[in-house]
Amino acid sequence: MARTDGVRPLFTWTRNKTAKSTAATGAGVAEEVTHIKDAEHAGAWQLAWWKFRKHRLAVASGIVVICIYLVAAFAEFLAPQGAGDYSARYTYAPPQQLHIWDNGEFGLYVHGYKVRVNPESFAREFVIDPETKIPVGLFVRGAPYKLWNFIPSNIHLIGPVKAGQPMYLWGADRLGRDMLSRVIHGTRVSMTVGLVGVSLSLVFGIILGGLSGYYGGGIDTAIQRVIEFLLAIPTIPLWMGLAAAIPPTLPPLQVYFMITIILSLVGWTGLARVVRGRFLAMKNEDFVTAARLDGAREMSVIFRHMLPSFASHIIAAVTLAIPVMILSETALSFLGVGLRPPVVSWGVLLQEAQNIRTVATAPWLLLPGVAVITTVLALNFLGDGLRDAADPYSD
Amino acid sequence: MPRYVLKRLLYMIPTLVAISIVAFALIQLPPGDFVTTLAAQMSQAGDTVDPNTLAMLRRQYGLDQPIWVQYWIWISNIVLYGDFGRSFDWDAPVSDLLWNRLGLTVVLSLTALVFTWVISLPIGIYSAVRKYSIGDYAATFFAFVGLAVPNFLLALILMYAALRFLGISIDGLFSREYVDAPWSWGKFVDLAQHLIVPVIVLGCSGTAALVRIMRANLLDELYKPYVTTARAKGLSEWRLILKYPVRAALNPFVSTLGWTLPELVSGATVTAIVLNLPTTGPLLLRALIAQDVYLAGAMILMLSVLTVIGTLISDLLLAWLDPRIRYK
Chain A
234 MARTDGVRPL FTWTRNKTAK STAATGAGVA EEVTHIKDAE HAGAWQLAWW
284 KFRKHRLAVA SGIVVICIYL VAAFAEFLAP QGAGDYSARY TYAPPQQLHI
334 WDNGEFGLYV HGYKVRVNPE SFAREFVIDP ETKIPVGLFV RGAPYKLWNF
384 IPSNIHLIGP VKAGQPMYLW GADRLGRDML SRVIHGTRVS MTVGLVGVSL
434 SLVFGIILGG LSGYYGGGID TAIQRVIEFL LAIPTIPLWM GLAAAIPPTL
484 PPLQVYFMIT IILSLVGWTG LARVVRGRFL AMKNEDFVTA ARLDGAREMS
534 VIFRHMLPSF ASHIIAAVTL AIPVMILSET ALSFLGVGLR PPVVSWGVLL
584 QEAQNIRTVA TAPWLLLPGV AVITTVLALN FLGDGLRDAA DPYSD
Chain B
3 MPRYVLKRLL YMIPTLVAIS IVAFALIQLP PGDFVTTLAA QMSQAGDTVD
53 PNTLAMLRRQ YGLDQPIWVQ YWIWISNIVL YGDFGRSFDW DAPVSDLLWN
103 RLGLTVVLSL TALVFTWVIS LPIGIYSAVR KYSIGDYAAT FFAFVGLAVP
153 NFLLALILMY AALRFLGISI DGLFSREYVD APWSWGKFVD LAQHLIVPVI
203 VLGCSGTAAL VRIMRANLLD ELYKPYVTTA RAKGLSEWRL ILKYPVRAAL
253 NPFVSTLGWT LPELVSGATV TAIVLNLPTT GPLLLRALIA QDVYLAGAMI
303 LMLSVLTVIG TLISDLLLAW LDPRIRYK
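Sequence order for the protein chains is A and B.
The first sequence begins at 234 in our numbering and counts up by one.
The second sequence begins at 3 in our numbering and counts up by one.
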């Protein structure tokens, strides 16, 4: 199997544009012919993009993933309330339905609540009151916040027109905090734990996997033994042990970094294996030998010639590693040994749902789980599509 | 074959030594020791804490010794006498606590493993043979969903559903009347009934992964020339598929057994905490939080050893299936 060195010929871009204009005007046959001609000149990245584009589910998932990261970036603006805003008057308020049509014309509103005493348990509980209407608006002024800690604002994408009126689209928790807002704020922490953890794993993985695959011999054996050993320890007990060692007095930010380090301690092994496998497969390729005979220094052979040609594989492996990190953080925080309140992550939110009795009274506390599942599914589909596209020369 | 087994057994020794060191280091990581925790608990409860008593307790438990001396005492007691020390928190020998729960942990993990294989093998084969059929798409979809749902969330949802729609509570492994009863047929049936939910929860992600692996492996084999040859000779389609390509595809399948087991053990830890199962999970969590070092260390050690043994079994199975591996 011939493999080009991943250097992209610059003219493919212009040729691709002509191909598109022909396709738009010309007949199907002409399009086919131009495409085949095009494929001869297209670089590896171009081919990978074409292959990825055919994978509809992966493209859709990619869009979902981008949206989730946008939610993480603009959490303060998108959330109707702040992460810690509570209201003792509305504990365990059930979710309201957002109505879009008001008497036949466009108008957003939700119904209010009324208190009822449960005839069986005699507990006070909230029910939706269809009599009252709370008008809801877009870009309303609400609780003040600082976007990214320096842009002060109080505009929220959605919220009750009259500030202070109850709007709980995803229900409220035991302190009357809005679940929707908390899930949106949790997105930032949960998504970045995955990113930071994977970046750390990637650094370790590339260095150690690269050493292992490029030099082979004693170094390879040693690193492989370490990887096998780390994989031999059951991860959750190992993580639980390490996470329990984090002193409870540490500030939340440091706990966050400790958790990501703990997660990447095991996470790098998978990436190191991918990198090693690629190095082994590529070490004796013609273009590598050519670069070496050309007098390129070792670093230059690795970073300029070898790394670009398997970067696509690394991107795919990284995408598949992020959901594992997210799931692990969620599990640890759920058990109470991961992130701790007041930090808000999906795992921390799910910890509220640990007790089956609580879940029975307020099933909407499981909603952060929906966020976890959607994210992990989207990332897995995206990673799967990327992995298929990573090797554009197969079939 | 005996030479290969011997070689693999010898390889296990350095791994086990390293694991014991890591397990011991792990339990020493938290700042302070059990006596500090105890003192904190006592002062919280309003008792006065006498420093002399604390020093005496430290000496009694050997906590005043240098760390390597503590390790040496710990590990030599385990290896030579099978003595895992005493749990400070439970005030009972660690081995008693451990054996009580390890048995059920192994039963749970193995049942989940068998469940995973029984479900994923036929689905994987079907998916590969009927590629791009509706059944294949359905299997693929469920496999992805199964991978995306965290174990504990699935456990919570099933518990909620059982409580809401069936009106039964499904935590624990035994009904109340059987918890302390001696083993009998009734207790066994009761255990089997309680195992269903944990096994489904534990098997879910494993099944999803194995279906994908089996499908990919079989697809690699299905279009090889030997399959065409067998078909040309007139073998019936299903017999042909089960006899040749499936057997070849099973090979990488077996090698995944090595990592399925640690995953099951890990999954069992979290699931057991949610479902309140009397296995090692809840005990470990409590021991770690209370800094009950000997109990926590012994459990991490035992779980890791279980995993190493699982890897060994999978390697041996693999060598038995594929002669190329044992002669390499």
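Think of the hints as simulated: they come from the structure by calculation, not from any bench.
Even for Gly, the Cβ is constructed at its ideal location relative to N, Cα and C.
Certain hints may be false.
[To be verified] Below, computed lysine-lysine pairings styled on DSS-like, alpha-carbon distance capped at 30 Å:
#1 Lys516(A) / Lys284(A)
#2 Lys133(B) / Lys226(B)
#3 Lys347(A) / Lys379(A)
#4 Lys395(A) / Lys347(A)
#5 Lys395(A) / Lys379(A)
#6 Lys284(A) / Lys226(B)
#7 Lys235(B) / Lys284(A)
#8 Lys347(A) / Lys366(A)
#9 Lys287(A) / Lys226(B)
#10 Lys9(B) / Lys133(B)
#11 Lys245(B) / Lys235(B)
#12 Lys245(B) / Lys287(A)
#13 Lys235(B) / Lys133(B)
#14 Lys516(A) / Lys226(B)
#15 Lys226(B) / Lys245(B)
[As the list claims (entries may be wrong)] Each pair of labels, with its calculated beta carbon distance range:
#16 His344(A) / Ala140(B): 49 to 57 Å
#17 Gly370(A) / Gly137(B): 22 to 30 Å
#18 Phe310(A) / Asn278(B): 38 to 46 Å
#19 Ile315(B) / Ala514(A): 43 to 51 Å
#20 Met44(B) / Pro574(A): 24 to 32 Å
#21 Lys366(A) / Lys189(B): 54 to 62 Å
To see whether the hints hold, each was checked on the structure:
1. Lys516(A) / Lys284(A): Holds, at roughly 26 Å.
2. Lys133(B) / Lys226(B): holds, 16 Å
3. Lys347(A) / Lys379(A): It is violated: about 34 Å lies between the C-alpha atoms, which goes past 30 Å.
4. Lys395(A) / Lys347(A): Distance ~18 Å between Lys395(A) and Lys347(A) Cα, so the pair holds.
5. Lys395(A) / Lys379(A): holds, 21 Å
6. Lys284(A) / Lys226(B): holds, 25 Å
7. Lys235(B) / Lys284(A): violated, 38 Å
8. Lys347(A) / Lys366(A): Holds, at roughly 12 Å.
9. Lys287(A) / Lys226(B): Measuring from Cα to Cα gives roughly 27 Å; hence the hint holds.
10. Lys9(B) / Lys133(B): Roughly 41 Å separates the two Cα atoms, so the pair is violated.
11. Lys245(B) / Lys235(B): Holds, at about 14 Å.
12. Lys245(B) / Lys287(A): Violated. Lys245(B) to Lys287(A) sits at ~36 Å, over the 30 Å cutoff.
13. Lys235(B) / Lys133(B): Given pair Lys235(B), Lys133(B) holds - Cα atoms ~24 Å apart, limit 30 Å.
14. Lys516(A) / Lys226(B): holds, 29 Å
15. Lys226(B) / Lys245(B): holds, 14 Å
16. His344(A) / Ala140(B): 49 to 57 Å: violated, 39 Å
17. Gly370(A) / Gly137(B): 22 to 30 Å: With a Cβ separation near 48 Å, Gly370(A) and Gly137(B) fall outside 22 to 30 Å, so the hint is violated.
18. Phe310(A) / Asn278(B): 38 to 46 Å: holds, 41 Å
19. Ile315(B) / Ala514(A): 43 to 51 Å: At roughly 30 Å between Cβ atoms, Ala514(A) and Ile315(B) fall outside 43 to 51 Å, so the hint is violated.
20. Met44(B) / Pro574(A): 24 to 32 Å: For Met44(B) and Pro574(A) the Cβ distance comes to about 27 Å; the hint holds.
21. Lys366(A) / Lys189(B): 54 to 62 Å: holds, 58 Å
The structure does not agree with the numbered hints 3, 7, 10, 12, 16, 17, 19 stated previously, though it agrees with the rest.
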